[in-house]
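**Q** Given next are the chains, with one letter for each unit.
2 protein chains.
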Amino acid sequence: MNDEVVVLRYGHRPGRDDRMTTHVGLTARALGADRVILPDNAGQSAETIRDITDRFGGPFAVEQRDDQRAFTRNWEGTVAHLTMYGERVQDVEADVRADSVDEGTPLLVVVGGEKVPFDFYEEADYNVGVTNQPHSEVAGLAVFLDRLFEGAELEREWEDADRRVIPQETGKRVVDPDEAEAERAGDGE
Amino acid sequence: MNDEVVVLRYGHRPGRDDRMTTHVGLTARALGADRVILPDNAGQSAETIRDITDRFGGPFAVEQRDDQRAFTRNWEGTVAHLTMYGERVQDVEADVRADSVDEGTPLLVVVGGEKVPFDFYEEADYNVGVTNQPHSEVAGLAVFLDRLFEGAELEREWEDADRRVIPQETGKRVVDPDEAEAERAGDGE
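Read top to bottom, the protein sequences are chains P and S.
In short: position in the first sequence from 1, add 86, done, that's the numbering used here.
In short: position in the second sequence from 1, add 86, done, that's the numbering used here.
It cannot be assumed that every hint is accurate.
[To be verified] Residues from chain S shown here face chain P by an in silico Cβ test under 10 Å; the list is partial:
| no. | residue |
| --- | --- |
| 1 | Thr113 |
| 2 | Gly143 |
| 3 | Phe157 |
| 4 | Thr158 |
| 5 | Asn160 |
| 6 | Met170 |
| 7 | Gly172 |
| 8 | Val187 |
| 9 | Ile252 |
In short, the hints are calculated from the structure, not lab data.
All values reported here derive from a predicted model rather than from experimental measurement.
Glycine is no exception: its CB is placed at the ideal position from the N, C-alpha and C atoms.
Here chain P stands alone, though its shape is the one from the complex (with noise of 0.2 Å):
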């Protein structure tokens, strides 16, 4: 896993934030982020991340710590820490990419909660901006991951679910992947 590219979550507050973090993490997951690193006390996200990734396959790492700072600064490899002060994505994004997932440098992707202390900005290679305004920490991860991967994370492969979506024009259909995979082959795919 040497060129993974693993989300941490800093900062949580059990009951207020379990959504969000919730999101944090399964934004990664969807989005082509292989890990995802949420505070100890975040343990009813971790266990809801978990149970999608079972469900609708990985490969997808939850992880729990308490040193966020720690292993911010230990990171071997880039961080980018996404804020609405840093600089804007449309300017790093490219900067970010050649320093990680294009020469196989694991890349630490840095999500706030509500207060990030300064070591963070510090300890960043990239302060990175989707947009200069207020909005979500979700949607930020979700435009600087879709911008890093350049749209490849939309055509993954899970391993391991024991269902999967079928893309459909009107209505909800879902399968077992035993039976997507005869589909497409029967499609000629």
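Using the hints provided, position chain S relative to the given structure of chain P.
**A** Same frame as chain P, but now just chain S:
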């Protein structure tokens, strides 16, 4: 406002959904939509989004209604409903763009909360999946808008702001917009 892009949030449970609905509205604003329509019972989210618009600029409108289904049915323009069951965003984004912003037709982007009635799937011109994985309606909206506008939304200028964030490599810098204007003139931009 013939070519406006409007985000409609369907479903809201006061308390439990306040932050998600707020983040849907703030993401709509930050990433280029002209207006968000929230349920009648999402007054607290509406207030937060209006407050951010007052401070960080617009134009951006926040509206509350309780006729989401009829509003969608009667929409004169294109309707895109974001759902993990829909067609892949990478396959339909060009068509949605051609049917809306490219030809000056209004676009309604429907973002569900928990359970979206089947009406919305049927009324939509496009059911669009930003991945066919469960993650976050905020993340889905963000990627959808960034792709719809092809990044042009990131270059938007804000009017009537009383503060502006200046992108920084490290740290935070917030200025009075008049000061920012003078600085940009000094940079020869």
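**Q** Are Val187(S) and chain P close enough, Cβ to Cβ, to be under 10 Å, as the hint says?
**A** violated, 18 Å
**Q** Is the interface hint satisfied for Met170(S)? The criterion is a beta-carbon contact with chain P at less than 10 Å.
**A** Where the cut-off is 10 Å and the nearest Cβ of chain P is about 6 Å from Met170(S), the hint holds.
**Q** Holds or violated: the hint that Gly172(S) contacts chain P, with Cβ atoms closer than 10 Å.
**A** Given a least distance of 6 Å, the restraint on Gly172(S) holds.
**Q** Given Asn160(S) was flagged as interface, is its beta-carbon under 10 Å from a beta-carbon of chain P?
**A** With Cβ-Cβ at 19 Å, over 10 Å, it is violated.
**Q** Quick check on the hint: Thr113(S) CB to chain P CB, less than 10 Å?
**A** With a minimum Cβ separation of about 4 Å from chain P (threshold 10 Å), the hint on Thr113(S) holds.
**Q** Is the interface hint satisfied for Thr158(S)? The criterion is a beta-carbon contact with chain P at less than 10 Å.
**A** violated, 14 Å
**Q** Return the status of the interface hint for Ile252(S): holds when the least beta-carbon distance to chain P is below 10 Å, violated otherwise.
**A** holds, 8 Å
**Q** Would you settle whether the hint for Phe157(S) is holds or violated, based on the nearest Cβ-Cβ distance to chain P being less than 10 Å?
**A** At about 20 Å, which exceeds the 10 Å cut-off, the nearest Cβ of chain P leaves the hint on Phe157(S) violated.
**Q** At a threshold of 10 Å, is the proposed contact between Gly143(S) and chain P supported by beta-carbon distances?
**A** holds, 8 Å
Consistency with the previously given hints fails for numbers 3, 4, 5 and 8, ordered from lowest to highest.
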